[in-house]
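A.B. asks: Heads up: the protein sequence lines correspond to chains A and B, in order.
Note that our numbering has the first sequence beginning at 1, numbered continuously upward.
Note that our numbering has the second sequence beginning at 121, numbered continuously upward.
Simulated from the structure, these hints should not be mistaken for laboratory data.
It is possible that some hints are incorrect.
Among chain A residues calculated to face chain B with C-beta under 10 Å, some are [claimed, not checked]:
| # | residue |
| --- | --- |
| 1 | Leu32 |
| 2 | Thr84 |
| 3 | Arg93 |
| 4 | Ala94 |
| 5 | Trp97 |
| 6 | Ala111 |
| 7 | Leu116 |
Using N, Cα and C, we set each Cβ at its ideal position, and we do this for glycine too.
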Amino acid sequence: MSVRNLIAAGSAADLLLLCAGLVVWSSAFVALYAALSLGCAFGWDAVALGPVSLQRGILVGLWLAHLALIAALLVWLRRRAAPTEDPGRFLARATLWASVVALAVTAANYAPILGLSACL
Amino acid sequence: MSDAARPLVSGGAAPRDTDTPEDLTPAQRDLARIWETPPGWGRLAAVNHTVLGRRFIVAAFVFFAIGGVLAMLIRAQLASPRSAFVGPELYNQIFTMHGTVMMFLFAIPMFEGLAIYLLPKMLGARDFAFPRLTAFGFWCYVLGGTILVAAMLLGIAPDSGWFMYTPLSSGRHSPGINADIWLLGVTFVEISAIAAAVEFTVSILKFRAPGMSLSRMPLFGWYVLVTAGMMLVGFPPLILGSVLLEAERVLDLPFFDPARGGDALLWQHLFWLFGHPEVYIIFLPAAGLVSTILPVLVRREILGYAAIVVSITVMGFLSFGLWVHHMFTVGIPHLAQAFFSAASVLVAIPTSVQIFLWIGTMMAGRPSFSVPMLYLVGFFVVFVCGGLTGVMLAIVPFDWQVHDTHFVVAHMHYVLVGGFIFPMLAAAYYYLPHVTGREPLYGVGKLAFWLIFVGFNLTFLIMHLTGLLGMPRRYASFPTGYGWDWPNLISSVGGFITTAGFALFAIDMLFQLRFGRRTKPDPWGAETLEWAMPLRPRAYAFASLPTVSSRTPLRDAPGLGAALERGEGHLATPRNRWQETLVVDMASGEPEHIAILPRPTILPLLTALAIAGIVLALLFKLFWLAPAAAAAMVVLLLLWSRDAGQRQDHGLLDAGRGLALPLHAEVARPASWWGVVFLLAADATAFASLVFGALFLWLVAPGWPGPEVVPLPPAKALALAAAVLAAAVAGRAAVAALRRSVPAAALALWAAAVAEAAALGLALWLMLADVPAPTSHASLAMTAAFLAFVALHAGIGAVLAALGVWRCVAGYVSVRRAADLRIGVLWHDYTAATALLSLVFLAALPWLVPLRSLARP
């Protein structure tokens, strides 16, 4: 039996996708920490933006944008044609679950934005 | 995946102690001749993974013993109040070196050694992708470690704590060479870690048995893959921080000096950006061993393979969101602390997923209390306790209370000893037959376990109380009357019991090596490929390479080891004295090409010695010697390329079992191309850390805005931008020109070399002529640092392009053999990108700096 028949097709791109949701979580971390530091330094928390401060508005906006990005990734992962054989099937399932975890972590990790004082 | 209890299988060939030529087939004799490490002084030229893995392990254990002696000195000092055993100066060196040795010279190298020894065999390859890099990493590690230990023996060891906080470690407060020894010595050792990370990443992704897709890869491969990725991202911030701090100490560039626009907290950020992932870098490979050993010992396939892969991937990322939990008391806004606190708690979830899956596997299996199992139970108890106190420390108000107390010391030891040393001890007994060909005798191992387990808990359980009672870390003595006397005495007694256990373990290992019974093949009934070979393993590991169709190849084919020995796999017949192994597609494991690996050479040792020369020249302020040693290093590195590649096209070659594949020199993306990709990923992290450092100082450091920032002369800056862009274009033109002729490609490479040399000259000119007094303020020092970064990369680019010209002329390059040129494209593109980003940042700085005056004080 040839080796080619023993194995299913796969690609390195699947491996990168495994990390995609968590890369968005990392991006959220950097963006929120940077925006918080800038806002506290330049007094954005003292500027009103409707019912909230400019500081909180920017932070919530960044947070929601990253959540939306992971949600879009999840929708795309669900819709794309799922491979029926390994390793594609295994990587597709692992990628889906890693992205679900990334969404949950991004939601939980930055939830203090909603309540805590920003610059104390 | 079947849930059935697993059968006992026997996968290897007959037991043996040493081979005689009569034991081997003609093909095996040829393989042995091709792959052997020369005897005598030739041992210094070893590049074989089995040899180097063993050396790494032995060296790491020697450093562990040194660290252990230092721990005993600490416990002797703290056994009683007002101790006069050693004075504060010596005590500072002792606890600094204990932490440094255990973290940098024991834990990381020990995992590297085990991975180097095991991984190629587990993955079904004959060696790693870059054997000379493995050897180079080993020598950098040993020489760097020797410098640190020699300094200790001379009484000039680092004494600012293993995390070297500024301003204590800066020139003003640590004027001797103690801190320089740490900064240069540890950076030297970190070169070894980066080398290993590149080696692991490429080898795991590409050097596997045909058919071993990622879904069939042993879990240890996944663990080390994630760990290696973390090392590529985690170590560069510390390397950058060490370079900046050494530059402050030697050149007076004030990166960390608050009086001149620097900030001591920048060091803490850069250190812990490395330091916290480091904990997971140490834990994950050990957890990988648990996932490997435990299912074999309980006779049950591991539960939740995919869940474990997802968990370790998540841990790999989350561990980078925790670093500020070491800095909760430095005055960071509560909301930022909440981000890091939440991430620190969340990371416990993927860790727990693994622990519950291991427990579930044990419950579903049939555990027997062998010695490795005993150590695994020790791991569960100790590590779970450490994890729980870790969650406590992640909670900000609690952390404030116990920060810098012995509670943190106790927590850290529970995590690291529980999460690393106990699994390593289990692995030592489990893999002893593999490494030595001898079976362990159990009595002594069990006694050693109980001494270590009881002694460890006696030492560190009560140390939580010592910390809660308020005793601070790193104090050479303590007064009586605070309730610290008895807990410290008990900790010291426990420490000596633990040491007795480790001494017994070491004696046991030596005795097994000398007197143990010869082992049978696959004594544990494991089902992974490392057991499909004669024990002890031969230099070529596999006489022929297996094809894999599941995660349990030895269950599928119980006689696989013997079949491979008979040459029934791939690449069974050696040719041209080539060290051949197969390279596969990353995800599918489909065979792609044949790699010819380099033979033993002294060059890695000589190159490491040249770097040691640079380190020692800088340490002893012999600045005239450093450039000479650097030149020697460059020449030696260039000599490496003589044995890389081919001077003729071979086309498709027989790989056995009806497979015909090209050689690595004739594919678009050989291992070396991937190696440079991952090296550049690490480099990009260093660059990002530099950008972070500059922005951090701009936003947070006192003393900003400093003196007026003079913009770089536009003509020179534009010329520099044009030069790096021209080099990138010329590098790509060389690849295109290769379709016409090799000389045309060489001409384009000449243009790239000239452009890079011009960029080097312009960057140096800007740095020396247009950055006024960089010692006066951190903004100017940062400007100089960016230009130095560009100059360094342009210089390397010039050398690479010139090397490419030589390889074209020498016949290493053809239309089919174009990887050299493609690697050059990677470097020139990266240099151009980082140089342009640097120039944009430096052009924006004169506008950025005045904005700081708008910020709150």
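A.B. asks: All hints are to be evaluated individually against the structure, with a verdict given for each.
C.D. replies: Hints, one by one, checked against the model:
no., hint, verdict
1, Leu32, "holds (7 Å)"
2, Thr84, "violated (13 Å)"
3, Arg93, "holds (6 Å)"
4, Ala94, "holds (5 Å)"
5, Trp97, "holds (5 Å)"
6, Ala111, "holds (7 Å)"
7, Leu116, "holds (5 Å)"
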